Every structure is written in C-alpha cells, then in structure tokens.
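Participant: Next come the chains, spelled out residue by residue.
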Amino acid sequence: MTQNHQSSSSPPSVALVQPPKRRARLLTLGPSATIGAIIVAVVVLIAIVSIWWTPYGPLAVNTGAEFLRPSLAHPLGTDEYGRDVLSRLMKGTQLTLLSSLGAVIIALVIGVPAGLIAAFKRGVAGEIIMRGADLLYSFPALLAAITLVAAFGASTLTATLAIGIASIPVFARVTRSTALSVLANDYVLAARAYGRSNFQIARRHVLPNIMGVLVAQIALLLSITILAVAALSYLGLGTPPPAPTWGGMLENAQNYLYQDPMLALWPGLAIAITVFGLNALGDGVRDLLDPTLKGRS
Amino acid sequence: MDSEPMSSPTPPLFELRHVSHRYGSRGRSVLALDDINLAIDRGERVGIVGESGSGKSTMARLLVALVQPSEGEILFHGEPLATKRAALLDFRHAVQIVFQDPFGSLDPRLSIGDSVAEPLRALGIQGDRDARVRELIDAVGLPANSLSLYPHQLSGGQRQRVAIARALAPGPSTLIADEAVSALDVSVRAQVLNVIANLVQELGLTLIFISHDMSVVRHVCSRVIVLYRGQVVEDNQTDQIFENPQHPYTQTLLASTPRLE
Amino acid sequence: MTLLEVDDLHLSIAGVELLRGVSYAIDPAQRIGLIGESGSGKSLTALAVMGLLPHESVLSGSIRFAGQELVGLDERRYSKLRGDRIAMIFQEPMTSLNPLMRVGKQISEVLRIHQGLTRKASATEAIALLTRVGFDQPELQARAFPHQLSGGQRQRVMIAMAIACNPDLILADEPTTALDVTVQAQVLELLVELTAEHGCALMLISHDLAVVANVCDRIQVMYGGTIVESGATWELTHLPQHPYTRALLATSHGIDNLHQALFGQLPTIPGSVPQAGNFPAGCTYRGRCERESEQCQTPPNAIGAQHLVRCWHPYAPSHEER
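Protein chains in written order, with the numbering used here: chain D, 12 to 308; chain P, 35 to 295; chain S, 20 to 341.
Hints in this document: simulated from the structure, not taken from any laboratory.
One thing to keep in mind: the hints can contain errors.
Claimed, not checked - Label-pair distances were calculated between CB atoms; the ranges are:
(1) P/Gly-158 - D/Gly-68: 38 to 48 Å
(2) P/Gly-158 - D/Pro-251: 52 to 62 Å
(3) P/Asn-179 - D/Pro-42: 28 to 38 Å
(4) S/Leu-92 - D/Leu-191: 38 to 48 Å
(5) P/Gln-102 - S/His-29: 55 to 65 Å
(6) D/Thr-45 - S/His-332: 47 to 57 Å
(7) D/Pro-219 - P/Gly-158: 16 to 26 Å
(8) P/Asn-179 - S/His-217: 54 to 64 Å
(9) P/Ala-289 - S/Ala-44: 31 to 41 Å
(10) D/Gly-143 - P/Arg-119: 47 to 57 Å
(11) D/Tyr-148 - S/Gly-34: 29 to 39 Å
(12) D/Lys-132 - P/Gly-87: 51 to 61 Å
All values derive from a computational prediction rather than experimental measurement.
Ideal placement from N, C-alpha and C gives every residue a C-beta, glycine not left out.
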C-alpha cells in the first residue's frame with residue numbers, strides 16, 4: 012500500500028501528552044489509605060495464621076487462670092473461663108472476616124449482574140430491578156437476620172446470608188450508575204458497530220472500566236459488614252458460643268465489666284481498627300480512581 | 035430538490051424508503067427523521083449536512099444499523115437490513131463508522147493496538163492480526179510505537195486516526211464519518227481530513243461524511259445532501275450546492291458560514 | 020487611556036507552566052480577537068483577567084484595568100469589578116447558567132448585586148435586557164429555566180447578563196463554538212451591535228480565524244502559552260509574519276478554497292500542538308516550523324509595535340500571502 016505521507020506525517024515518535032509526574036501519582040495511595048492498607052493486610056494475615064495456629068486453643072478452658080492481667084504468657088489476659096483472649100481474638104478475626112467476606116461475595120455475585128442488566132435494559136426490566144433493590148434496601152438487615160434465625164437457628168451461615176442479601180442493593184446501584192456512564196461513551200457504540208453483543212460489551216468494556224469503583228466499594232462494604240456481623244453476634248444471632256466472635260466477646264465482656272473492664276476493650280478495639288482500616292483503604296482507592304474513570308486527559 | 039439515482043443494473047448500495055424515526059414514547063416523542071427517501075451508490079462520496087435537530091446523527095446511526103427506523107425500510111445492496119445481530123455480521127464487515135468525540139471513542143483501558151484489533155476479534159477475522167494492526171496504524175500515519183500506548187497519551191487528532199484505523203480493520207467497503215473532525219483543532223482537522231481523503235481514494239471506499247460544517251464537506255464530497263428538521267431539503271452535486279443553492283435553508287447556511295474576508 | 024494593559028503574564032498551576040509572558044493592551048471600545056488552539060492558553064488569559072483562576076495558580080506579571088492593578092487584588096474588591104465593569108461570556112451556557120434559577124432572575128441578580136436595584140426595578144430592567152438581546156416574548160421567557168431554552172437563547176441570556184451593568188470590557192470565550200452556524204451568525208451580530216452601542220470593549224476568544232476576522236479590528240495569535248503575533252486584522256490575515264499564523268491561514272483557506280481540487284492535499288502543519296507542561300524550550304513553535312534554526316532554542320523577543328511578532332525569523336511584511 013503506497014502511502015503519501017508528506018502532508019499527514021507526524022514526528023518519528025508519538026509525544027507523551029501526560030507529564031511524568033502525574034503518572035507516578037496514579038500509583039500511590041494517600042497516607043491514610045496506606046495506613047488502612049497496612050491494617051487490612053495485618054488483619055488478613057492474622058486471620059490466615061489463626062487457621063493453623065493460635066498461642067493457645069481458643070476454646071481451651073483453663074480453670075484457676077481466670078481474669079489474668081496482660082502478661083508475657085497471655086499478652087491480652089484471660090477471660091472468665093481462663094481462655095486466652097489473644098487466641099480468641101485471633102480466631103474471631105477468622106470468623107468475622109469469613110462472615111463479612113461471604114456477605115460481600117453474595118452481594119457482589121447478585122448485585123453486580125443485576126446492576127449491569129438494569130444499565131443495559133433501560134426500560135421496564137431495568138426499572139423492576141432498581142425498584143426491587145430499593146425494596147431490599149429499605150428492609151432492615153437486622154430484622155431479616157432475626158427472621159432467618161427464627162426460621163433456621165443462629166449460625167454463621169444465617170448471619171452471612173442475612174447481611175449479604177441486605178447488601179445487594181449497594182452493588183446494584185453502584186454498578187448501574189457507573190455502567191451507565193461507561194455505556195454513554197462512543198467506544199461502546201463502536202463496539203456494537205463491529206458486532207459485539209451486550210454480554211461481550213459488558214465483559215470487555217464495562218467491567219474493566221468499573222472495576223476500580225467496585226474494588227473501592229468492596230473495601231467500604233467490608234467495613235460495614237464487619238460491623239453488621241459484630242452486631243449480629245453481639246445479639247446472639249451469629250455464630251453460636253463458645254465460638255469466639257468479636258461481637259460475642261463484646262457481649263460477654265459486658266457481664267464482667269467490674270471484674271475486668273479490659274475484657275471489653277480488646278474486641279471493641281479489634282472491630283474499630285479493622286473498620287477504620289477498611290474505610291481508609293476504600294476511600295483511598297476510590298479517590299485514586301476518580302480522575303481516570305473516564306479516561307479524559 | 036432530489037436528484038434521481040442513475041438507473042443502473044445493480045441496486046444502489048444504500049436505499050432509504052419512507053424512513054422516519056421517532057424518539058421517546060407515544061406521549062411525548064420527537065420526530066428526528068421525517069419520510070426520508072434517498073439512494074447512495076457504491077463509490078460515491080456523499081456529505082450529509084445539517085445543524086442540530088436536523089436528524090443527521092440519527093441518519094448516521096441508521097446507516098450503520100445501530101438503530102432501526104420507526105417507519106420505512108433501509109435497503110443495503112437491494113436487501114432490507116436484518117434486525118438480528120447474527121444476521122448483521124456481514125453488514126458489519128462492510129460498513130463501519132468513525133465518531134465525533136476523540137476522547138470517548140477509545141476504551142481507556144485498552145492499548146491502541148488492542149483497540150484497533152477489537153473488530154478483528156469481534157468478527158472472528160482470521161489471519162495474522164498483529165500484521166494487520168501494524169498495517170492499519172501505518173496507513174493512518176501513526177508510528178509503530180504507538181501500538182503499546184494508551185489513549186490518554188495521545189492527542190485528539192492522533193486518537194481520531196486510531197478510530198479510523200479501527201474502523202478500517204474489518205476491511206469495510208463503506209466508511210461513515212459522523213462529525214469525525216468537528217471536535218479537533220483547526221490545524222489538526224486538515225491532517226485528519228487528508229488521512230480520510232487518501233484512504234477513501236486508495237481503498238475505493240464509499241464515503242458518507244456527516245457534518246455541520248459546509249466547508250469541510252466541500253473538501254471530501256462530490257455530492258451533498260442538506261437536512262433540515264428531519265427532512266431532505268436539497269440533494270445535489272457539491273459545486274452546484276455551493277454555487278447555486280436552491281433551497282432557502284441551504285442559502286442561509288452558506289451565508290452564515292464565516293469566511294476569511 | 021488604555022483600558023486593559025496586560026504585561027508579561029506568567030502562569031503556572033501545580034508546577035506546570037501554562038502562560039509564558041503574555042502581554043497585550045485593549046483600548047476603550049476596541050474589539051480585539053484572541054486566536055489559539057487547545058493548549059495555547061487563550062482561555063486562561065481571560066480567566067486571569069477575571070481573577071477566576073484555580074486556587075493553586077501562581078500568577079506573576081501585571082494586569083492593569085483602568086489604572087488599577089488586578090494581580091494580587093483581594094477577592095472582595097475583585098468581585099465588585101466582575102459583572103459590573105468586566106464581564107465574561109463562556110462557551111457552554113448550559114453549565115454557566117444556574118439550572119435551578121429562572122433566567123430572568125439570574126439577570127436581575129446581577130443588577131441587584133452591582134447596582135443595588137430593588138427586586139421590582141431589577142425585574143423590569145431584566146425584561147428590557149431580554150428584549151434588547153432579541154427575545155420576542157420577554158415577560159414569558161424570563162420565567163423559563165435554562166434547560167427550556169435553546170443553545171442560542173441561552174447564549175443571549177449570557178449576553179444580557181454581561182451587558183446588564185454596562186461594563187467597560189466583555190471577555191467572550193468561544194461564545195458561539197457550541198452553537199449551530201446559523202445561530203452563531205446571529206449571536207455574533209448581536210454581540211457586535213451591543214458592544215458598539217454601549218461603547219464597550221470586546222475581547223473575542225476563538226479557534227476560528229474567520230469568526231474573529233469578521234468581528235475584530237485587531238487579532239492576537241496565541242501558541243504555546245504566549246502571543247506569537249498581534250496586529251490589525253487586515254494586515255494579519257493578508258501579510259502574516261509569524262510562520263504559525265501563515266500556516267493557520269493556509270489551513271483555513273485550504274478548507275475553504277474554491278479552487279481546491281477535490282481530494283487534493285490540504286495544507287497542514289506537521290506535528291501536533293504541544294500541551295501544557297510539554298512546551299519545548301525556547302520558541303514553542305519549534306519542531307513544526309519551516310524556518311527553524313539554532314537560534315530558536317532561545318525564546319524570541321517581540322519585534323514591532325503596531326504589528327508585533329515574536330519570532331527570530333519572521334516573514335517580511337511585504338510578503339503577499341495566499
């Protein structure tokens with residue numbers, strides 16, 4: 012193909028439009044988000060480690076060693092049965108994360124496709140989905156949990172399910188709104204013009220472009236579900252005792268506030284720090300992705 | 035004033051018969067195109083000119099089968115356009131489009147090379163894709179090292195060239211340019227117009243150039259169709275339109291275009 | 020006395036240099052055009068005069084309006100000037116008008132703030148202004164919200180707001196770019212009429228050389244954050260001295276040229292417009308200029324007074340351009 016380059020030529024290499032400084036900024040989180048990331052990493056590490064090892068058995072009753080102050084042997088002391096608080100806390104991390112992660116996964120797996128469908132099918136189908144989400148959103152998760160527990164008994168599964176279902180609308184909404192803004196771009200039209208189906212467009216163009224927003228939302232939702240899981244187990248609607256859940260430990264510690272006020276501190280602190288970490292991380296990820304969402308320079 | 039298509043043994047490439055298009059629901063709808071009848075032959079370079087509300091964007095979408103007309107029919111090679119996606123695949127090979135917005139027409143997550151290769155993947159075109167992509171990028175005047183870059187690293191004019199390369203990937207015989215240079219700087223506009231003009235000539239493409247800018251259309255089209263409020267008000271050879279405009283709207287349009295002394 | 024005197028303006032935002040030494044002057048009732056492509060800094064020049072630059076801007080140089088220095092002026096005094104003595108019209112009326120306020124009210128607000136009119140008096144004056152800018156049912160249309168009006172009508176509202184307090188200077192940043200060609204002609208005509216009537220100076224910013232040439236007495240060409248050529252309209256469009264101006268004219272003429280063969284090659288400028296932060300050192304037109312030399316690695320000085328050009332190798336003014 013002979014080409015006439017004389018008038019439409021461009022210089023040998025394409026000039027970079029973005030100054031280098033901006034690209035570097037794209038890859039670093041802010042200070043609070045970095046702290047959040049570290050916290051989350053530590054928590055996840057503890058959860059994983061506790062699958063195989065905790066300093067003591069979390070259920071190991073140790074009569075004669077009740078209400079011990081923090082010491083080298085028991086860094087966080089012991090509870091009313093002489094059980095090591097640190098070990099229980101570690102195990103609790105695993106249970107809490109499991110529940111909240113499970114809930115988020117349920118919300119993700121149902122909410123994202125629902126949001127995508129609502130974005131693609133703007134008519135009646137889309138409306139039905141969004142109004143359904145509204146309905147679900149307005150239904151208190153706690154009430155749903157109580158109902159499920161009454162029907163099926165308290166367990167990790169019921170807590171996870173209740174919170175998961177209650178969180179579906181969060182993902183449905185976020186997915187739909189970001190998908191809509193992606194679908195407004197001409198590259199989606201171009202994709203249709205070379206034969207892509209809706210499904211292919213969702214997979215190839217929409218999901219990758221909303222991924223960042225979804226990741227940020229996952230982190231934020233995790234912080235909410237951890238609180239929700241703690242609340243449910245506090246109320247006795249989650250994993251039944253003697254399994255160590257943070258909420259359960261908190262509830263339990265209430266009874267012994269005079270003897271050992273520290274007992275309530277540790278699970279409370281664990282919840283607070285984890286929630287803060289996830290929030291900071293989620294905010295940081297979301298801020299990072301904001302300017303590049305639509306690819307405008 | 036419609037000019038009749040020349041009678042020829044082969045049917046025209048595109049034929050619009052009583053095509054109307056309406057947006058919105060029954061209660062409050064907007065009539066974008068009103069009973070359009072026209073034909074475009076293979077190899078023609080047609081400009082479709084109009085302002086906002088003329089229906090030209092709707093026309094672009096109808097011609098590339100992104101939208102189906104509310105009324106009337108569109109014939110391609112004498113056959114009515116299919117409605118199902120699968121049946122349209124051949125058509126999609128043959129007719130491609132370049133859009134106006136250089137910032138929104140490329141997926142920011144895909145590299146230039148990937149963007150240009152997309153139609154090849156979508157339409158299942160076999161063969162050495164890398165070679166084809168390199169050939170296309172070269173044809174639009176971009177250097178080979180741009181393949182690994184991302185849209186935000188290119189200027190508006192460069193992105194439009196990529197969009198043109200992508201449109202040519204499936205080897206279409208018709209190219210539709212929907213305000214393809216309107217969002218570009220003046221000096222860049224000329225570059226991209228040259229690219230389009232060269233490629234259309236070399237590849238023997240049929241060109242349908244939609245624009246609000248008469249002077250741009252004048253450069254690349256031999257026939258101009260003027261749209262006003264969803265209707266064709268004038269349809270003639272380019273030099274006739276410019277030297278001897280018949281319809282008052284065409285005359286106003288020409289008179290309003292600012293000229294350097 | 021010169022109405023507006025801009026002297027050696029330098030602007031950086033977040034360490035990126037956007038304006039490098041912009042200087043120009045506007046006389047009372049003069050119509051002056053500012054031509055440039057994206058990245059030239061033309062809009063920023065206007066925003067600098069209005070004091071509407073973003074917070075992180077570092078602006079140095081001098082802007083003297085009717086003898087008063089504007090650079091470093093405190094916000095309180097600046098806001099008294101804006102709308103009253105200097106007004107600005109933006110490109111996109113949909114985003115520069117308050118979508119929640121009826122247009123009549125938006126106009127009367129300007130009057131109440133700057134002229135202290137009562138609600139009734141300002142409403143009446145607003146209707147008079149709407150009539151002046153061409154609305155045929157001003158009482159009714161004053162009650163419309165921006166989204167209920169067409170693009171051209173919204174720009175007319177913006178013009179009404181701009182002339183409401185009889186300013187000395189109007190800065191119009193691409194006021195007709197977003198409009199249809201037929202509407203553009205009408206809006207430009209209105210702008211010219213009103214500025215002449217009120218004795219108000221106009222700075223028209225555009226990328227369209229033809230638009231500016233038809234409206235303005237003087238044209239300034241901006242490229243890469245600085246003014247590369249400035250002169251009377253006829254001289255600049257017929258005897259351009261800066262290589263960029265010549266190339267720009269060739270491109271505009273080319274598309275418009277009656278004698279251009281169908282599919283002939285349009286004259287183009289090789290390369291692409293440098294974006295902010297990527298301006299080449301020395302003369303910003305380097306890399307695209309047909310008269311470039313070693314000397315161009317240092318920024319060229321401005322030569323000439325009435326017709327100013329910033330180039331080491333300008334074309335001689337006797338060169339007839341076509």
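Participant: Each hint needs a verdict: does it hold in this structure or not?
Facilitator: Quick rundown of the hints versus the structure:
1. P/Gly-158 - D/Gly-68: 38 to 48 Å: violated (60 Å)
2. P/Gly-158 - D/Pro-251: 52 to 62 Å: holds (56 Å)
3. P/Asn-179 - D/Pro-42: 28 to 38 Å: holds (37 Å)
4. S/Leu-92 - D/Leu-191: 38 to 48 Å: holds (43 Å)
5. P/Gln-102 - S/His-29: 55 to 65 Å: Hint holds: Cβ distance 56 Å, inside 55 to 65 Å.
6. D/Thr-45 - S/His-332: 47 to 57 Å: Check passed, 53 Å falls within 47 to 57 Å.
7. D/Pro-219 - P/Gly-158: 16 to 26 Å: The hinted range 16 to 26 Å holds for D/Pro-219 and P/Gly-158, with Cβ atoms some 21 Å apart.
8. P/Asn-179 - S/His-217: 54 to 64 Å: Cβ of P/Asn-179 to Cβ of S/His-217: about 55 Å, so the range 54 to 64 Å holds.
9. P/Ala-289 - S/Ala-44: 31 to 41 Å: holds (34 Å)
10. D/Gly-143 - P/Arg-119: 47 to 57 Å: violated (28 Å)
11. D/Tyr-148 - S/Gly-34: 29 to 39 Å: violated (45 Å)
12. D/Lys-132 - P/Gly-87: 51 to 61 Å: The hinted range 51 to 61 Å is violated for D/Lys-132 and P/Gly-87, with Cβ atoms some 28 Å apart.
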